[in-house]
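Protein sequence lines, in the order shown, are assigned to chains A and B.
The numbering used here applies: residue 1 is where the first sequence begins, and numbers increase by one.
The numbering used here applies: residue 1 is where the second sequence begins, and numbers increase by one.
Just so you know, the hints here were simulated from the structure itself, not pulled from any lab data.
Each hint should be verified, as a subset may be incorrect.
To be verified - The calculated lysine-lysine pairs, modelled on DSS-like cross-linking and capped at a C-alpha distance of 27 Å, are:
id, chain 1, residue 1, chain 2, residue 2
1, A, Lys-186, B, Lys-264
2, A, Lys-80, A, Lys-386
3, A, Lys-386, B, Lys-299
4, A, Lys-49, A, Lys-80
5, A, Lys-237, A, Lys-306
6, A, Lys-237, B, Lys-267
7, A, Lys-243, B, Lys-267
8, A, Lys-186, B, Lys-36
9, B, Lys-267, A, Lys-386
10, A, Lys-243, A, Lys-228
11, A, Lys-228, A, Lys-312
12, A, Lys-306, A, Lys-186
To be verified - Sample of chain A residues lacking proximity to chain B, with all beta carbon distances greater than 12 Å (derived):
id, residue
13, Ala-267
14, Glu-337
15, Glu-378
16, Asn-382
Ideal placement from N, C-alpha and C gives every residue a C-beta, glycine not left out.
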Amino acid sequence: MSEDLDTFRAETRDWLEANCPAEMRRPFRSEADVCWGGRHFEFSSAAQKLWLDRMGAKGWTVPDWPRAYGGGGLSAAEAKVLREEMARLGCRPPLNSFGISMLGPALLKYGSEAQKLEHLPPIARGEIRWCQGYSEPNAGSDLASLATRAEDRGDHFLVNGQKVWTSYADQADWIFCLVRTDPSDKHGGISFVLFDMETPGVSTRPILLISGYSPFCETFFDDVSVPKRNLVGELNKGWDVAKYLLGHEREMISGMGLGGGEVSLGAVAVEAFGTEADGRVDAPVLRGRIALFEVRAAAFRAMSEKFMDELKARRVHPAQPSMMKYVGTELNKQRFELAMAAGGSDALEWESERSRGGATARAWLRTKANSIEGGTSEIQLNIVAKRILQLPGA
Amino acid sequence: MPLFHTDEQAMLLDSARPFMVEQAPVAHLRGLRDAKDATGFAPGLWRQFAEMGFCGMLVDEAEGGLGLGAVEAGIVLEEMGRNLTPSPFLATSVGAVTALRGGSATQRGTWLPRIASGEAVAALAIDEGPHHRPARTALRAERAGNGFRLSGTKSFVQHGHVADLLIVAARSGGEPGEEEGITLFAVERGAEGLHATPERLADASLASRIAFEGVTVDADAVIGEVGTGWATLARTLDMVRTGAASELLGVAAGAMAMTIGYLKERKQFGVAIGSFQVLQHRAAHLYAELEVARAATLKAQQLLDAEDEGAERAVMVAKAMAGLAAQLAVQEGVQMHGGIGMTDDYDIGLYMKRHRVLAELFGDADFHADRLARLAGY
Ligand SMILES: Cc1cc2nc3c(=O)[nH]c(=O)nc-3n(C[C@H](O)[C@H](O)[C@H](O)COP(=O)(O)OP(=O)(O)OC[C@H]3O[C@@H](n4cnc5c(N)ncnc54)[C@H](O)[C@@H]3O)c2cc1C
Chain A
1 MSEDLDTFRA
11 ETRDWLEANC
21 PAEMRRPFRS
31 EADVCWGGRH
41 FEFSSAAQKL
51 WLDRMGAKGW
61 TVPDWPRAYG
71 GGGLSAAEAK
81 VLREEMARLG
91 CRPPLNSFGI
101 SMLGPALLKY
111 GSEAQKLEHL
121 PPIARGEIRW
131 CQGYSEPNAG
141 SDLASLATRA
151 EDRGDHFLVN
161 GQKVWTSYAD
171 QADWIFCLVR
181 TDPSDKHGGI
191 SFVLFDMETP
201 GVSTRPILLI
211 SGYSPFCETF
221 FDDVSVPKRN
231 LVGELNKGWD
241 VAKYLLGHER
251 EMISGMGLGG
261 GEVSLGAVAV
271 EAFGTEADGR
281 VDAPVLRGRI
291 ALFEVRAAAF
301 RAMSEKFMDE
311 LKARRVHPAQ
321 PSMMKYVGTE
331 LNKQRFELAM
341 AAGGSDALEW
351 ESERSRGGAT
361 ARAWLRTKAN
371 SIEGGTSEIQ
381 LNIVAKRILQ
391 LPGA
Chain B
1 MPLFHTDEQA
11 MLLDSARPFM
21 VEQAPVAHLR
31 GLRDAKDATG
41 FAPGLWRQFA
51 EMGFCGMLVD
61 EAEGGLGLGA
71 VEAGIVLEEM
81 GRNLTPSPFL
91 ATSVGAVTAL
101 RGGSATQRGT
111 WLPRIASGEA
121 VAALAIDEGP
131 HHRPARTALR
141 AERAGNGFRL
151 SGTKSFVQHG
161 HVADLLIVAA
171 RSGGEPGEEE
181 GITLFAVERG
191 AEGLHATPER
201 LADASLASRI
211 AFEGVTVDAD
221 AVIGEVGTGW
231 ATLARTLDMV
241 RTGAASELLG
251 VAAGAMAMTI
261 GYLKERKQFG
271 VAIGSFQVLQ
281 HRAAHLYAEL
291 EVARAATLKA
301 QQLLDAEDEG
311 AERAVMVAKA
321 MAGLAAQLAV
331 QEGVQMHGGI
341 GMTDDYDIGL
351 YMKRHRVLAE
361 LFGDADFHAD
371 RLARLAGY
């Protein structure tokens, strides 16, 4: 087996070296470098599109999904080798997608065969971009109090209501959406449906963020007709699907604590402060803070590996993603606080060329959402206290 | 001296607070930002500052001011912080006025009455890199004719592109890193070879990089004595650092007030989110941190006004602690607002941005903690 894995590693390395364009082996510089795919996506370069097409054709955007659904059919061990080899070469992820990280796993578990065949391959190839219609103005942390109605009209549901904070709703092709199908039962009256954002009656209004970007929207549904075949799982049992999907969302968001391919904090500090004669960054207090942060970050990388291995072996407590999300996102916020402290007044520039349009400051502000999106840190801690620690009253 | 405001100081607060709320609330900052205003503050508001007596509050009465001190300046600055009011008050009315106190009779006569009346705006050109390191000053001042030629660059100069007067720290002797050999200059706007490039910062304020390309100034532009400007610079910095601490307290208090309001109003799970004990404890903790920072800041102000030896250390404590407390306040503020806290429409994010800039200005908590350690010999 390990010999097979060695062969697989060598072949993977060769393939990546031959197929990953040089441009796609550099760290992300800004949001514009991220590939989201979808009907309306404008690729930032030919290389970005080529990389997606090649990886998509091989099923390596979703290496461990079955081949029948557009995946790579790799074992957990092979998928890990692929990740390692991509990291070694510095390959960018070819596709960033809520379809991959959230809807896909939920469909694999709860979807009908027809739904899997219809939706999974386009996700794998980056052809259809999804958004998540969960939160509503009065249903945030208390998601199950959502009010968007879906009435049974024989062959279809008629959907009316409003969602909020829907990330990229204005650029997405389809939405996975929680709707109320039974007003008398809070958790037991929610259903999980899918529909095209081009269906008549769907409209979106972007909300500007403190980072100056506008990635999320208010989304309105006015007599939207959703075919019944787009109901995932059973009627009124959508909460189970929603919770399962949230676990995957939390896993994905906790990955932020691992940091991307960006420059190290130590290097930023050396650049901004210079060094003392012995080569240490000339800012002792900050140096100590960065060093302690790196200890936590390295430990969290180990935890992530442990978590992924246990997850694949189905040995993880179902509430463990909450712990991971909490730690990972708090860590990522700290990383960017330190990046701002290290960068000083340079990092505060908002529009200048030398700050690449305020890239650090905007990324710093964006991280403040990490502990809010996908369920706040407070909610994650409540879940840990209640479901893992089994504390009374929690 | 008791660590609370005197009756006179409380009266000043009673006029500064409604003034800022009415004339320069957060909407004022938003307006300037959305209009892509190129000045960085509203000149009309600055005239009103003058009418209120704020501009020259630290100027001696003989020179047209009110002859007040750091405590009073702090009262105005805290209200500015609470309302995120953009204004050249800190650099002009606190920084430049303190620096000019050590200046010649001509310098004082030329500038102080104009500052007090709101005619002149000043900027402090001290830092040269992305971090505050005043002893590292490298901008050269070479003797030329009957005066000096200044060459080098400055960074992070708030209002530097519109200031009538620049207070410039330059090196006439010694090496970067030394306190000896620093000379302060009063440089007028429009001097030949002076190029200011304003950059917009995250909080929508404007700070300039300034290039001095052989700017020649007369000998009487020197503030105090040649080569011994450090003492005046240090006094000036103590005043502006304490001022920035007050503004940070205001930012913290403003963010906290918004957050407490939201905790009472926002309902989830059928109750006000403020009824969750985890949020109650954190709100109470924030209150405690803020009270501590407030005491440290008032202590520094009083010691500065009493010209007490312990003032310098108290200033380091105040600037660092106010920065940390305000950081907690804005971070908790955004977090406890949930998704709405991430939106540009809502004000809490503006508090987060202003905190960042003020925390960096004149040395962040790391810088001051390091100085305290060095002073204590470890
Ligand atoms: C960048 C970003 C992207 C997002 N993308 C999407 C998306 O694509 N689709 C989507 O549906 N939603 C999305 N969201 C919404 C997100 O899931 C919600 O913002 C989140 O669940 C919190 O809800 P809320 O904003 O209503 O905050 P609230 O629920 O009002 O919370 C306010 C504060 O109260 C605290 N609180 C609430 N309840 C408790 C409790 N029981 N105990 C202790 N503290 C509590 C919270 O932790 C928070 O600090 C996104 C949010 C952000 C910021």
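Here's how the hints hold up against the structure:
no.: 1; hint: A:Lys-186 <-> B:Lys-264; result: 24 Å, holds
no.: 2; hint: A:Lys-80 <-> A:Lys-386; result: 32 Å, violated
no.: 3; hint: A:Lys-386 <-> B:Lys-299; result: 45 Å, violated
no.: 4; hint: A:Lys-49 <-> A:Lys-80; result: 24 Å, holds
no.: 5; hint: A:Lys-237 <-> A:Lys-306; result: 32 Å, violated
no.: 6; hint: A:Lys-237 <-> B:Lys-267; result: 26 Å, holds
no.: 7; hint: A:Lys-243 <-> B:Lys-267; result: 22 Å, holds
no.: 8; hint: A:Lys-186 <-> B:Lys-36; result: 48 Å, violated
no.: 9; hint: B:Lys-267 <-> A:Lys-386; result: 21 Å, holds
no.: 10; hint: A:Lys-243 <-> A:Lys-228; result: 21 Å, holds
no.: 11; hint: A:Lys-228 <-> A:Lys-312; result: 33 Å, violated
no.: 12; hint: A:Lys-306 <-> A:Lys-186; result: 36 Å, violated
no.: 13; hint: Ala-267; result: 14 Å, holds
no.: 14; hint: Glu-337; result: 8 Å, violated
no.: 15; hint: Glu-378; result: 6 Å, violated
no.: 16; hint: Asn-382; result: 8 Å, violated
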